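S.K.: Now for the letters of each chain:
2 protein chains.
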Amino acid sequence: MSHKPSKEEFNKRFEEITVETEQIFKGKIISLQVDKVKLPNGKMSAREIVKHPGAVAVLAIYEDKMIVVEQYRKPLEKNQIEIPAGKLDPGEEPEEAALRELKEETGFDCSSLQHINSFYTSPGFADEKIVLFLAEDLTRGEMKLDEDEFLSCESITLEQALEYIKEEKISDAKTITAIYAWQIYKLTGKI
Amino acid sequence: MSHKPSKEEFNKRFEEITVETEQIFKGKIISLQVDKVKLPNGKMSAREIVKHPGAVAVLAIYEDKMIVVEQYRKPLEKNQIEIPAGKLDPGEEPEEAALRELKEETGFDCSSLQHINSFYTSPGFADEKIVLFLAEDLTRGEMKLDEDEFLSCESITLEQALEYIKEEKISDAKTITAIYAWQIYKLTGKI
Numbered sequence: 001m002s003h004k005p006s007k008e009e010f011n012k013r014f015e016e017i018t019v020e021t022e023q024i025f026k027g028k029i030i031s032l033q034v035d036k037v038k039l040p041n042g043k044m045s046a047r048e049i050v051k052h053p054g055a056v057a058v059l060a061i062y063e064d065k066m067i068v069v070e071q072y073r074k075p076l077e078k079n080q081i082e083i084p085a086g087k088l089d090p091g092e093e094p095e096e097a098a099l100r101e102l103k104e105e106t107g108f109d110c111s112s113l114q115h116i117n118s119f120y121t122s123p124g125f126a127d128e129k130i131v132l133f134l135a136e137d138l139t140r141g142e143m144k145l146d147e148d149e150f151l152s153c154e155s156i157t158l159e160q161a162l163e164y165i166k167e168e169k170i171s172d173a174k175t176i177t178a179i180y181a182w183q184i185y186k187l188t189g190k191i
Numbered sequence: 001m002s003h004k005p006s007k008e009e010f011n012k013r014f015e016e017i018t019v020e021t022e023q024i025f026k027g028k029i030i031s032l033q034v035d036k037v038k039l040p041n042g043k044m045s046a047r048e049i050v051k052h053p054g055a056v057a058v059l060a061i062y063e064d065k066m067i068v069v070e071q072y073r074k075p076l077e078k079n080q081i082e083i084p085a086g087k088l089d090p091g092e093e094p095e096e097a098a099l100r101e102l103k104e105e106t107g108f109d110c111s112s113l114q115h116i117n118s119f120y121t122s123p124g125f126a127d128e129k130i131v132l133f134l135a136e137d138l139t140r141g142e143m144k145l146d147e148d149e150f151l152s153c154e155s156i157t158l159e160q161a162l163e164y165i166k167e168e169k170i171s172d173a174k175t176i177t178a179i180y181a182w183q184i185y186k187l188t189g190k191i
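If you read the sequences in order, they're chains A and B. For the first sequence, my numbering assigns the number 1 to the initial residue and increments by one for each residue that follows. For the second sequence, my numbering assigns the number 1 to the initial residue and increments by one for each residue that follows.
FYI, nobody ran anything at the bench for these hints, they're computed from the structure. None of the values given here were measured: they were computed from a predicted structure. Take the hints with a grain of salt, since some may be wrong.
In this list, chains with the same sequence are indistinguishable; a pair is considered to hold if it fits within one copy or across any two.
Said to hold, decoys possible - Lysine to aspartate or glutamate pairs mimicking DMTMM-like chemistry, simulated, CA-CA at most 20 Å apart:
#1 K65 <-> E136
#2 K36 <-> E77
#3 K12 <-> E167
#4 K186 <-> E159
#5 K87 <-> D127
#6 K51 <-> D35
#7 K190 <-> E159
#8 K38 <-> E136
#9 K78 <-> D148
#10 K12 <-> E77
#11 K144 <-> D89
#12 K169 <-> E9
#13 K28 <-> D127
#14 K38 <-> D146
#15 K51 <-> D127
#16 K78 <-> E8
#17 K78 <-> E168
#18 K166 <-> E95
#19 K190 <-> E163
#20 K43 <-> E22
#21 K190 <-> E136
#22 K186 <-> E63
#23 K103 <-> D89
Could you put together the complete structure from these sequences and hints?
M.R.: Shown next, in the form of structure tokens:
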């Protein structure tokens with residue numbers, strides 16, 4: 001069943017051609033549009049699409065513990081424990097954003113980052129892409145939260161992290177991905 | 001830095017109280033609202049929130065290969081290789097949805113599923129939750145695609161899957177999470 005199409009061919013199979021775009025909403029963080037599309041069988045359909053500026057997240061390891069932040073997530077109406085993360089500012093490089101968010105949310109400085117992977121969070125309805133980094137060699141400093149940002153920071157072992165996933169205290173895609181990457185790193189030495 | 005608050009206390013720290021909800025859009029798949037909220041410091045802010053019915057995804061292993069589907073993702077304007085997945089129908093249980101999506105998209109039947117984990121894809125702006133299952137003991141059958149669904153199905157080894165992540169041919173949160181879970185399963189025998 002394997003095949004080797006060119007990158008161009010790969011990206012265009014099953015292509016849906018945009019016939020019309022209706023802009024529904026432009027907010028501070030996301031915007032929403034509905035595209036009228038022509039399907040590969042010639043029929044018309046509609047796609048509801050959320051546009052997002054993209055984000056970064058950091059698996060930060062200090063004394064063999066992962067640094068996590070606890071914050072209120074309004075869409076879920078509850079607190080979540082997550083790895084440090086945040087949106088890209090306009091024109092900002094992912095590495096720069098990752099170091100900035102790590103500093104702001106946890107107070108830690110880091111001299112160098114390693115890229116783990118990059119992923120779309122919800123490719124069915126959103127273009128949000130998260131770039132995930134590993135930060136080791138950390139130096140402890142002061143948090144620099146935005147005026148309207150409320151969170152607390154702690155550090156947990158791999159065993160605690162896996163337990164938190166089971167309890168759904170940790171239950172977001174980027175944090176679970178980071179914890180699994182950390183476990184594989186500990187098991188194989190490879191990130 | 002560790003503490004043991006009750007589940008109720010945990011969920012309410014940093015709570016943002018909804019003062020007003022403005023419904024912006026109600027689509028076929030997602031809806032969008034803007035909540036005016038009162039922050040813990042008493043100030044007002046706005047939260048842009050996408051509502052989603054929730055989804056399931058399946059890490060399906062057949063002859064030591066993972067079954068993946070290739071489909072066009074309009075928000076990304078390109079094809080993606082992902083594990084079988086789909087939205088919950090109204091009133092549908094996650095297990096039921098997972099078996100249905102697996103059958104529809106790949107043709108495979110499965111007698112029993114194991115829960116791997118559950119995660120929110122984008123807790124900053126959306127309530128979408130994915131329940132991820134492991135399907136082993138598969139029986140091959142016929143695909144049952146929706147009339148307007150276009151995808152192709154193949155199966156890949158763990159090594160190929162890890163290579164696809166590096167090449168960003170696989171680049172969505174649920175599929176990367178599933179591949180890491182599979183790698184850990186192979187390394188430790190535990191899912």
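S.K.: Indicate, hint by hint, whether the structure satisfies it.
M.R.: Results of checking the hints against the structure:
In the homo-oligomer, the alpha carbons of K65 and E136 lie at most 20 Å apart inside one protomer (10 Å), although the nearest pairing across protomers, at 33 Å, exceeds that limit. For the homomeric pair K36 and E77, the shortest alpha-carbon distance between copies (14 Å) is at most 20 Å, but the shortest distance inside one copy (33 Å) is not. Taking the shortest alpha-carbon separations for K12 and E167, only the inter-copy value of 17 Å comes in at or below 20 Å, while the best intra-copy value is 41 Å. Taking CA atoms no more than 20 Å apart as the test, K186 paired with E159 passes in both settings, with 12 Å inside one copy and 18 Å between copies.
For the identical chains of this complex, K87 and D127 are neighbours both inside a copy (13 Å) and across copies (18 Å), given an alpha-carbon limit of 20 Å. Proximity of K51 to D35 under the C-alpha cut-off of 20 Å is found in both arrangements, the shortest distances being 12 Å within a copy and 19 Å between copies. Proximity of K190 to E159 under the C-alpha cut-off of 20 Å is found in both arrangements, the shortest distances being 19 Å within a copy and 14 Å between copies. Taking the closest pair of Cα atoms, K38 and E136 never come within 20 Å of each other, the shortest separation being 48 Å inside a single copy and 37 Å across copies.
Proximity of K78 and D148 under a CA criterion of 20 Å is satisfied intra-copy only: 17 Å inside one chain copy versus 37 Å between copies. In this homomeric assembly, K12 and E77 come within 20 Å of each other (Cα to Cα) only across copies, at 8 Å, whereas the closest approach inside a single copy is 39 Å. With identical chains, the CA atoms of K144 and D89 are at most 20 Å apart within one copy only, with a shortest distance of 16 Å there and 43 Å across copies. With identical chains, the CA atoms of K169 and E9 are at most 20 Å apart between copies only, with a shortest distance of 13 Å across copies and 42 Å within one.
Taking the closest pair of Cα atoms, K28 and D127 come within 20 Å of each other both inside a single copy (16 Å) and across two copies (18 Å). Taking identical chains as interchangeable, the C-alpha atoms of K38 and D146 lie at most 20 Å apart only when they sit on different chains, with a minimum of 16 Å there against 44 Å within one chain. With identical chains, the CA atoms of K51 and D127 are at most 20 Å apart both within one copy (6 Å) and between copies (16 Å). Only between protomers do K78 and E8 lie at most 20 Å apart by alpha-carbon distance; the minimum there is 9 Å, versus 43 Å within a single protomer.
In the homo-oligomer, the alpha carbons of K78 and E168 lie at most 20 Å apart inside one protomer (12 Å), although the nearest pairing across protomers, at 32 Å, exceeds that limit. Proximity of K166 and E95 under a CA criterion of 20 Å is satisfied inter-copy only: 18 Å between copies versus 31 Å inside one chain copy. Proximity of K190 and E163 under a CA criterion of 20 Å is satisfied inter-copy only: 14 Å between copies versus 23 Å inside one chain copy. For the homomeric pair K43 and E22, the shortest alpha-carbon distance inside one copy (19 Å) is at most 20 Å, but the shortest distance between copies (34 Å) is not.
Proximity of K190 to E136 under the C-alpha cut-off of 20 Å is restricted to the intra-copy arrangement: shortest distance 14 Å within a copy versus 27 Å between copies. Taking the closest pair of Cα atoms, K186 and E63 come within 20 Å of each other only inside a single copy of the chain (14 Å); across copies the shortest separation is 27 Å, beyond that limit. When the C-alpha separation of K103 and D89 is checked against a cutoff of 20 Å, the pair qualifies only within one copy, where the shortest distance is 15 Å, while the shortest distance between copies is 42 Å.
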